[in-house]
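S.K.: Residue numbers (the working numbering), protein chains in the order written: chain A, 1 to 193; chain B, 1 to 193.
Think of the hints as simulated: they come from the structure by calculation, not from any bench.
Since this is a predicted model, take the numbers as computed values, not measurements.
Among the hints, erroneous ones may be present.
Since the list gives no way to pick out one identical chain from another, each pair is judged satisfied if it fits inside one copy or across any two copies.
[To be verified] Here are the simulated lysine to aspartate or glutamate pairs, DMTMM-like style, with alpha carbons at most 20 Å apart:
1) Lys184 x Glu160
2) Lys183 x Asp3
3) Lys171 x Asp57
4) Lys165 x Asp87
5) Lys183 x Glu6
6) Lys17 x Glu120
7) Lys171 x Asp100
8) Lys17 x Asp59
9) Lys171 x Asp113
10) Lys169 x Glu14
11) Lys169 x Glu122
12) Lys171 x Glu92
13) Lys183 x Asp109
14) Lys165 x Asp112
15) Lys169 x Asp59
16) Lys17 x Asp85
17) Lys183 x Asp113
18) Lys183 x Asp57
19) Lys165 x Asp76
20) Lys169 x Asp79
21) Lys171 x Asp85
22) Lys165 x Asp113
23) Lys184 x Asp112
24) Lys17 x Asp52
Now for the letters of each chain:
2 protein chains.
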Amino acid sequence: MTDRLEQQIAFLNEADKLKSVNRGTLLCDASRRENSAEHSWHLTLYALVLADQAGPDVDITRVIKMLILHDLVEIDAGDNPIFGDYDPAEMEAQELAAADRIFGLLPIDLRDDLRATWEEFEANTTPSAQFAKSLDRFQPPMQNLAAGGGSWVEYSVTEEQFITKVGSKIKNGAPGLWAFAQKKVSTWFAANR
Amino acid sequence: MTDRLEQQIAFLNEADKLKSVNRGTLLCDASRRENSAEHSWHLTLYALVLADQAGPDVDITRVIKMLILHDLVEIDAGDNPIFGDYDPAEMEAQELAAADRIFGLLPIDLRDDLRATWEEFEANTTPSAQFAKSLDRFQPPMQNLAAGGGSWVEYSVTEEQFITKVGSKIKNGAPGLWAFAQKKVSTWFAANR
């Protein structure tokens, strides 16, 4: 039992490094970049508060579990800002290697359970994964709107790029949130481009 | 529906401020203080990974919900480091006022649901609240051990103070974690006092 606990704590201490992975998105007050650990927390709160936007086949408990775990691979692979310049195939390979190493720190039963949850999120095919992914895409524009543009300004994003890269994913799992975001984002781009 | 969503987003944007509330605890690499948002995320991961340490009447889904919400009142009331100097009655009054204001941003159904969850955590009487509270007390010593002492050094904490203020709470909801922590913490204090 002590060996098992030692493994569990080693994993939890390793996970602490997610607090030092910075994202492209700024905090709402634009004071600094958001890190992936606090982003993950914020998304779990989004899931609690916006559960009424989920379809009937969505399991919110599972959504929250995915959101807790979804960015852990960034400890090794880093965060790739969605409007930044990166190779998706290389990113996927890095994230898979990261999942092997990081979930591999756990006792086997937990490793398999958490790894399967992360893979469900990544595959983005179940209703719960699609809703989780939609929240992950919906939160940054809410932060950008609050921060006066945030990463849209930094990466010189156009409204068309936003709709293609972000909008489609929000709409997929949370059409009500997309209708809400689209109106606000469109107003922002009209005033700032 | 739009008014409801506006309220939900106003709450979620307000919650962003928890990322700027710093705690007494350092990150595992001692590079900076931990903030209450990333701490809350880390605790939800503790709950997923250490669920096997919970008693039979603990509902882990409810534990995670409590941990997501438990520190939101610190947006107004600040974090009071457990070994710091503060007036518990004054802190409680500040946290109650904060709960009124912050949960009060939500639509009434969500306000009542999240407020009740936070109150269950604070009351610390149900098995789920006791396990959640134990994790909240168990994580900082794990960080301190990794960081070479962390807040124990800063606040000149004695082993007796640790056992009284922290150990009793860990033991209450997670006796297995207390047995694990006590041995490690005792070794640290023997080597560093």
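S.K.: Between lysine 183 and aspartate 3, at a C-alpha cutoff of 20 Å, which is it: within one copy, between copies, both, or neither?
M.R.: For lysine 183 and aspartate 3, the Cα distance is within 20 Å only across copies (14 Å; inside one copy 53 Å).
S.K.: Within a copy, between copies, both or neither: where do lysine 165 and aspartate 112 come within 20 Å Cα-Cα?
M.R.: neither (31 Å within a copy, 36 Å between copies)
S.K.: Measure nothing new, just compare the shortest in-copy and cross-copy C-alpha distances for lysine 17 and aspartate 85 to 20 Å and report within, between, both or neither.
M.R.: neither (24 Å within a copy, 30 Å between copies)
S.K.: How would you label the pair lysine 165, aspartate 113 (within, between, both, or neither) given a Cα cut-off of 20 Å?
M.R.: neither (30 Å within a copy, 34 Å between copies)
S.K.: State whether the alpha carbon distance between lysine 183 and aspartate 113 is at most 20 Å within one copy, between copies, both, or neither.
M.R.: Neither: 39 Å inside a copy, 29 Å across copies.
S.K.: Can you tell me if lysine 165 and aspartate 76 fall within 20 Å by alpha carbon in one copy, between copies, both or neither?
M.R.: Neither way: lysine 165 and aspartate 76 sit 24 Å apart in one copy and 36 Å across, limit 20 Å.
S.K.: 20 Å Cα cut-off: does lysine 169 pair with aspartate 59 within a copy, between copies, both or neither?
M.R.: This pair counts as within: shortest intra-copy Cα distance 18 Å, inter-copy 32 Å.
S.K.: As a check of your reading, is lysine 17 near aspartate 59 (CA-CA no more than 20 Å) within one copy, between copies, both or neither?
M.R.: neither (29 Å within a copy, 28 Å between copies)
S.K.: Can you tell me if lysine 171 and glutamate 92 fall within 20 Å by alpha carbon in one copy, between copies, both or neither?
M.R.: Neither: 23 Å inside a copy, 42 Å across copies.
S.K.: 20 Å Cα cut-off: does lysine 171 pair with aspartate 100 within a copy, between copies, both or neither?
M.R.: neither (31 Å within a copy, 34 Å between copies)
S.K.: Please work out whether the CA atoms of lysine 17 and glutamate 120 approach to 20 Å or closer within one copy, between two copies, in both situations, or in neither?
M.R.: The answer is neither: 23 Å in one copy and 31 Å across copies each exceed 20 Å.
S.K.: At 20 Å max between alpha carbons, let me know whether lysine 17 reaches aspartate 52 within a copy, between copies, both or neither.
M.R.: Neither: 33 Å inside a chain and 24 Å across chains, both beyond 20 Å.
In summary, the structure is inconsistent with hints 6, 7, 8, 9, 10, 12, 13, 14, 16, 17, 18, 19, 21, 22, 23 and 24 from the numbered list given earlier, while agreeing with the others.
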